[in-house]
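Colleague: Sequence:
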Amino acid sequence: MLSASPRRGPLHRPTAPLGPGGTALPHNRLCGSQVRASLGRGLGASQSGEEGGDAGPSLKARDPRSLDTGRRRREARPIRLPSPKPPGLPWAATASAWPPGPHSSPGRTTACSCGWSGRAARRSWSCSCCRRGASPPGRKQRTGRVPETSREGTERKTSDILVTTHLQGLSVVPPITDLDTLPEALSPSPSWATWKEGLPLTIAAGCEDDLPANMRFHEEKRLDFEWTLKAGTLETVLKRVYTLLGSWNRLEDFDHIFWGQKSTLSEKVRQRWQDDELFGYQFLNGTNPMLLRRCTSLPSRLVLPSGMEELRAQLEEELQDSSLFEADFILLDGIPANVIRGEKQYLAAPLVMLKMDTSGKLLPMVIQIQPPSSSSPTPPLFLPSDPPLAWLLAKSWVRNSDFQLHQLQYHLLNTHLLAEVIAVATMRCLPGLHPVFKLLIPHIHYTMEINTRARTQLISEGGIFEKAVSTGGGGHVHVLRRALAQLTYCSLCPPNDLAERGLLGTPGALYACDALRLWEITARYVEGIIHLFYRGDDVVRGDAELQAWCREITEVGLCQAQNRGFPISFQSQNQLCHFLTMCVFTCTAQHGAINQGQLDWYAWVPNAPCTMRMPPPTTKEDVTMATVMGSLPDVQQACLQMTITWHLGRRQPDMVPLGHHKEKYFSDPKAKSVLNQFQTDLENLEREITDRNEQLDLPYEYLKPSLIENSVTI
Numbered sequence: 001m002l003s004a005s006p007r008r009g010p011l012h013r014p015t016a017p018l019g020p021g022g023t024a025l026p027h028n029r030l031c032g033s034q035v036r037a038s039l040g041r042g043l044g045a046s047q048s049g050e051e052g053g054d055a056g057p058s059l060k061a062r063d064p065r066s067l068d069t070g071r072r073r074r075e076a077r078p079i080r081l082p083s084p085k086p087p088g089l090p091w092a093a094t095a096s097a098w099p100p101g102p103h104s105s106p107g108r109t110t111a112c113s114c115g116w117s118g119r120a121a122r123r124s125w126s127c128s129c130c131r132r133g134a135s136p137p138g139r140k141q142r143t144g145r146v147p148e149t150s151r152e153g154t155e156r157k158t159s160d161i162l163v164t165t166h167l168q169g170l171s172v173v174p175p176i177t178d179l180d181t182l183p184e185a186l187s188p189s190p191s192w193a194t195w196k197e198g199l200p201l202t203i204a205a206g207c208e209d210d211l212p213a214n215m216r217f218h219e220e221k222r223l224d225f226e227w228t229l230k231a232g233t234l235e236t237v238l239k240r241v242y243t244l245l246g247s248w249n250r251l252e253d254f255d256h257i258f259w260g261q262k263s264t265l266s267e268k269v270r271q272r273w274q275d276d277e278l279f280g281y282q283f284l285n286g287t288n289p290m291l292l293r294r295c296t297s298l299p300s301r302l303v304l305p306s307g308m309e310e311l312r313a314q315l316e317e318e319l320q321d322s323s324l325f326e327a328d329f330i331l332l333d334g335i336p337a338n339v340i341r342g343e344k345q346y347l348a349a350p351l352v353m354l355k356m357d358t359s360g361k362l363l364p365m366v367i368q369i370q371p372p373s374s375s376s377p378t379p380p381l382f383l384p385s386d387p388p389l390a391w392l393l394a395k396s397w398v399r400n401s402d403f404q405l406h407q408l409q410y411h412l413l414n415t416h417l418l419a420e421v422i423a424v425a426t427m428r429c430l431p432g433l434h435p436v437f438k439l440l441i442p443h444i445h446y447t448m449e450i451n452t453r454a455r456t457q458l459i460s461e462g463g464i465f466e467k468a469v470s471t472g473g474g475g476h477v478h479v480l481r482r483a484l485a486q487l488t489y490c491s492l493c494p495p496n497d498l499a500e501r502g503l504l505g506t507p508g509a510l511y512a513c514d515a516l517r518l519w520e521i522t523a524r525y526v527e528g529i530i531h532l533f534y535r536g537d538d539v540v541r542g543d544a545e546l547q548a549w550c551r552e553i554t555e556v557g558l559c560q561a562q563n564r565g566f567p568i569s570f571q572s573q574n575q576l577c578h579f580l581t582m583c584v585f586t587c588t589a590q591h592g593a594i595n596q597g598q599l600d601w602y603a604w605v606p607n608a609p610c611t612m613r614m615p616p617p618t619t620k621e622d623v624t625m626a627t628v629m630g631s632l633p634d635v636q637q638a639c640l641q642m643t644i645t646w647h648l649g650r651r652q653p654d655m656v657p658l659g660h661h662k663e664k665y666f667s668d669p670k671a672k673s674v675l676n677q678f679q680t681d682l683e684n685l686e687r688e689i690t691d692r693n694e695q696l697d698l699p700y701e702y703l704k705p706s707l708i709e710n711s712v713t714i
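Numbering-wise, the sequence shown is residues 1 to 714 according to full-length UniProt numbering.
Please keep in mind that the hints were generated in silico from the structure rather than gathered at the bench.
Please note that a few of the clues may not be correct.
With a straight-line cut-off of 16 Å between C-alpha atoms, the simulated EDC-like cross-links for lysine to aspartate or glutamate are [as the list claims (entries may be wrong)]:
1. Lys-355 x Asp-321
2. Lys-620 x Asp-386
3. Lys-670 x Glu-527
4. Lys-361 x Asp-253
With the hints as extra help, turn the sequences into a complete structure.
Modeller: Dropping the structure here:
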């Protein structure tokens, strides 16, 4: 079970608050615990498009009456205080004490396009219509914006200083030094929780309502998420009612539910899903291009019985030509299958051998549905020359297994849960002024809430997986544990991963091509930012907060992943840049490649069945249409698959494209120039992909920069 989140009760502010030792404070001062309880953790950027994020994150005093409600919080308008510039801290650089904007230069008369004009004196003001700068004269109190970043001994952290600002001057509350004595509700950073033993740690939140306000969906996104799910559920009910009037014993009967939300590509999949060419294409450019690898030898599990000498010769020939590939689903071997509405479901761990012909088409040669075992030392092999229904059913078993690994290993674990580990560690270890915090914060937006919803609605007891997926009911946890044990640092970095799988330069591998280009573009962006703030390897090694963040990810969040190549410290600029590139790429491009294809490839259920209702065939001659339909999902399961893949795979109405976040986290002109170049590089890649796709029958668009979301939000 997830740890319960801190209790958030109403806060009461007495007329005359008491300070340390019970001494009454003036009315314009608050005791530390009261202020701490009413402050939200800032994100180090102006949410209204202001520039000047280097002045530090906003600490906003909330109305105590708003803390226990789901309504929008009414917060005092923040102002900025000067951030000290300690030696050796390049990111704690010059920070103006004055809010940016047209009215904000002290001592200068300015005018606004709205017609307001005034003199920006010691206390900068703004007009009421444009809301730029600080509050206009007459407002009695404004919340102080204090620096949150530090090195020990140079700049005090948020936990050390709390400021309330008045027109009469500054009132500084004494520092709170013993954080262990504070109640959990006042914790300044999120806590870790164990969702399931042996899996990455998560944020401590039992449901989305337990999350801090700055990690929640905004109201429009929340309504869209919830209402589209309800609309999909209603569509499922209508489809089930519709199918009561017809039969469900032919493949064509799936047309009865193939209406409503679908895509252009899903229509092509419906027409061609039985073709071997499309079957092989999906291993390169489908929604899961992460399993295929080039063979350097024949797999040991591929036992060829007598009478298949011709097949062995063909495999050896393709192996010599370096055109033999494999997709091995051995991770699923022995995983307990689900029981849905009292009926046992089934799983397999197939092996597929494929060849690439001279035209670049990837075609299956042989399928082994189950690995050898003591009860079946030579499991049957299925070939393209077998009876059509037997060959089709064998491919359906492969597609079902691909559905399981795609959703659990490559989607949930390698993008969602990893992004959450990065997000929680960032919020816990890095202060808001830290350059790595500013670099990463736009790429972890909304990740906490979507993952929390997944744990309560998708993979929970009674959730979607338990209702429709063959790995539901507990099997999914076993898969995730095995997948985490195999997760390596290199597997998350396309240059390393594609080289290890032998896919560099493979004709027709569009995911591989686009992923490499995006990795290079992202790496240049990361290097440009990091080199502005870290002028040498010694600065990297000496950043205690950065080193703690690294250890928090590897040793805590990923459960001692250092033996799988993850670093526990950064010794150089290059090492830091490589790791940060992995973080940004995982939260953006990789999630886009894995998530966006669900509607295209899963809407036509026979192409990727979420469950199988009969055991794998052991003979070829006995496979009939009744066997195929009895194995594929029933009406209820198929409708649920269509609904959830549309809900999760559709383009989000409020999506922010990669690199185009509106918040200005860096005010340094050089940092802005780096971001502008990043956007230019992405636009150039967009044009290249668009031109290429015009020549393709099946365009690959999942890594078009304009379609990649800036963070894991769905």
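Colleague: Given the proposed pairing of Lys-620 with Asp-386, does the C-alpha separation stay at or below 16 Å?
Modeller: holds, 7 Å
Colleague: Can you confirm whether the C-alpha distance between Lys-670 and Glu-527 stays at or below 16 Å?
Modeller: This hinted pair holds, its Cα atoms lying about 13 Å apart.
Colleague: Would the hint linking Lys-355 and Asp-321 be met if the CA-CA limit is 16 Å?
Modeller: holds, 10 Å
Colleague: With a cut-off of 16 Å on the C-alpha distance, tell me whether Lys-361 and Asp-253 pass.
Modeller: violated, 30 Å
Violation of the numbered hints given earlier is confined to hint 4; every other hint is satisfied by the structure.
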